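In the order they appear, the protein sequences are chains A and B. According to UniProt numbering, the first sequence is numbered sequentially starting from 1. According to UniProt numbering, the second sequence is numbered sequentially starting from 1.
Simulated from the structure, these hints should not be mistaken for lab results. Treat the hints with caution; some may be incorrect.
Derived lysine-lysine pairs resembling BS3-like cross-links, with alpha carbons at most 30 Å apart [to be verified]:
id, chain 1, residue 1, chain 2, residue 2
1, A, 216, A, 163
2, A, 163, B, 196
3, A, 216, A, 243
4, A, 98, B, 189
5, A, 155, A, 98
6, A, 35, A, 98
7, B, 180, A, 279
8, B, 189, A, 155
9, A, 92, B, 66
10, A, 155, B, 196
11, B, 180, B, 196
12, A, 216, A, 155
13, A, 163, A, 98
14, B, 66, A, 216
15, A, 98, B, 196
16, A, 163, A, 35
17, A, 163, A, 92
18, A, 243, B, 189
19, A, 279, A, 92
20, B, 66, A, 98
21, A, 243, A, 98
22, A, 243, B, 66
23, B, 66, A, 155
Since we're looking at a predicted model, the values are computed, not measured.
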Amino acid sequence: MENAEVLIDCQSVWKVFGERNAEAIEAITAQGLSKRDILRDFGCVVGVSDASLQVHRGEIFCIMGLSGSGKSTLIRLLNRLIEPSLGTVLVKGQDISKMDAAALRRTRAEHIGMVFQSVALLPQRNVLENAAFGLEVQGIPRNERNRAAAAALAKVGLSDWTKHYPSELSGGMQQRVGLARALAADPEIILMDEPFSALDPLIRRQLQDEFRQLTKELGKSAVFITHDLDEAIRIGDRIAIMKDGALIQVGTAEDIVMNPADQYVADFVAGISRLHLIKAHSVMVPVVDWDGPVDDLPRCDPEADIDALIAQITETSADALAVQEDGRVVGVVSVRNLLLGVRGEAGTDPIGAEA
Amino acid sequence: MMRLDPGAFLAPAVDWLNANFHPLFAVITDVIEAVLGGIEWLFLLPPPFVLIALVAVAGYALGGVKTAILAALCLAYCWVMDLWDASMQTIALVLVAVTIAVGIAFPLGIYAARHRRLEAVVRPILDAMQTVPPWVYLIPAVIIFSLGTVPAVIATIVYGVPPMLRLTTLAFRGVPTDLKELGQAIGAKPRTILFKIELPAATPTLVVGLNQCILLSLAMVVLAGLVGAGGLGAEVTRGLTRMEMGLGLRAGLAIVAVALLLDRLSRGALQGRRKA
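When you get a sec, could you build the whole thing from the sequences and use the hints?
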């Protein structure tokens, strides 16, 4: 993933709202004022402060933050629905803030799809016409755009609903139409602005799984905004935690849960189930620190998650598993390590070795 | 004590306009009268029952059976009451006045929806226009355009613009932000966003604005009768001056019938038979 092409490169982007934003920006560049200083001295609200992120091809990048954290502003900076005050956003290597109106429209139409929390379907158009709307404004002929829209609707499982109107659909189905509309134009990048937040928990989970599967299948990249850490972990390849306009930690779900950058993140991840997040290699005791014999222990994979390890260990009479990588035992996971892992603590402490 | 009289400044201004721009006003008069005459002629060309049938068909196409029956009944009333010619004159006058009023108010309203500063300028003017009794601006209109249909059309336009403009602004302000964002996010041109996203979303409120515009214009029709524009207004005025209750009532009800007709047809035309 790290080696894949960078589709969105967001470099030290700021967004300051308020009448005196120009002065505020100058103060930020010259004196490095903080968000609070800016509010006090200029009466300006800093929506996004010094955000840098990269989205690679094929990656789902989640931005998690509570309301008011600036995540909706940040995602709108990526397709320039909001003009950045400072910093650069490169989409496929092109600086979008330097594009003229026509080039920007082309980039949005061809490379960046967007799905909204409110779905934003046009009520007077049926499902097919809604899904085809992005292509329609590009001037694609009716037959061609209807074919693409029908194919996109088929991907989200709505083939039977093309002639219906949005008001006749449930919330979950409406959001599928929103996704189909974004997919119909076949963009490389899809921006998802809290798309599932308004849905019932059960439908939400179903859509999360379908979305992840579909995105991976089609090889799309996505930036996914959510206020729900569970959702971010379920969907995201990498997660950025946002607070007060700043990205305070970016990493995989496992990174964030195992090594929270600060107390805020730690509090956030405290309630998250570790069962599917933490892998054997993070909880194991290195084989050199292990006193007991390893030859008789059942073998497991370093990428196996805690849930799988617990299942394996309870099936056998052993009270530890040997982690085997490339035919070599590299560590041992004891029951104690697993319990520590469930609590979110790394298992490399030497006490584990004494068990 | 000094007395401030705005008329002392305005009257010479009107006189000056009248003296120096007479040819321009003459052209405006000719054009409006020609258009009005043309529409009237067209309405009076077929026998009334043919026109009633045509309107019923149009009503059916625009709004279904109910609209068709109502439209036919409204026109039939005008015919049966022997007010056919007057009704057609009135409808022509309202059509022309409303078209011009919408032509002014609609673009201005969209503009005002996007620029708050313009709205801040326009709003008090509108309030004044709506509050000042129309008789007052009828005076300069008659001075400049002389008696007849044209000052009536002008007065009707002045009366019809404020509600249309106000509701146009409201309608475009009320378009959900996410729909406008959608337009931008899919790379639509501003024109496309206007016609394919904003206009459909604004239509319900625009229909209300158009109805207001039509109904207020009809209210001005009586006044138009006073300055010699003919039509149902003239009949009402005649009823009043001769103290003929019967005539006044018949003509008054005919105005109601015309109002209903125009309201339902315009509503049907704009909303279509889309699903609720």
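Checked hints:
1. A/216 with A/163: holds, 29 Å
2. A/163 with B/196: Holds. Residue 163 of chain A to residue 196 of chain B sits at ~19 Å (cutoff 30 Å).
3. A/216 with A/243: holds, 28 Å
4. A/98 with B/189: Within the cut-off at roughly 18 Å; holds.
5. A/155 with A/98: violated, 35 Å
6. A/35 with A/98: This hinted pair holds, its Cα atoms lying about 26 Å apart.
7. B/180 with A/279: Given that 30 Å is the threshold and the Cα spacing comes to 45 Å, the pair is violated.
8. B/189 with A/155: holds, 28 Å
9. A/92 with B/66: violated, 58 Å
10. A/155 with B/196: OK: residue 155 of chain A and residue 196 of chain B at ~26 Å, within 30 Å.
11. B/180 with B/196: holds, 10 Å
12. A/216 with A/155: Holds - the C-alpha atoms of residue 155 of chain A and residue 216 of chain A are around 13 Å apart, at most 30 Å.
13. A/163 with A/98: Not OK: residue 163 of chain A and residue 98 of chain A at ~41 Å, beyond 30 Å, violated.
14. B/66 with A/216: Violated: residue 66 of chain B and residue 216 of chain A sit about 54 Å apart, past 30 Å.
15. A/98 with B/196: The given pair, whose Cα atoms are some 28 Å apart, holds under the 30 Å limit.
16. A/163 with A/35: violated, 50 Å
17. A/163 with A/92: violated, 36 Å
18. A/243 with B/189: Answer violated: residue 243 of chain A to residue 189 of chain B is near 35 Å, above 30 Å.
19. A/279 with A/92: violated, 34 Å
20. B/66 with A/98: Answer violated: residue 66 of chain B to residue 98 of chain A is near 57 Å, above 30 Å.
21. A/243 with A/98: holds, 28 Å
22. A/243 with B/66: violated, 58 Å
23. B/66 with A/155: With Cα atoms ~43 Å apart, residue 66 of chain B and residue 155 of chain A exceed 30 Å; violated.
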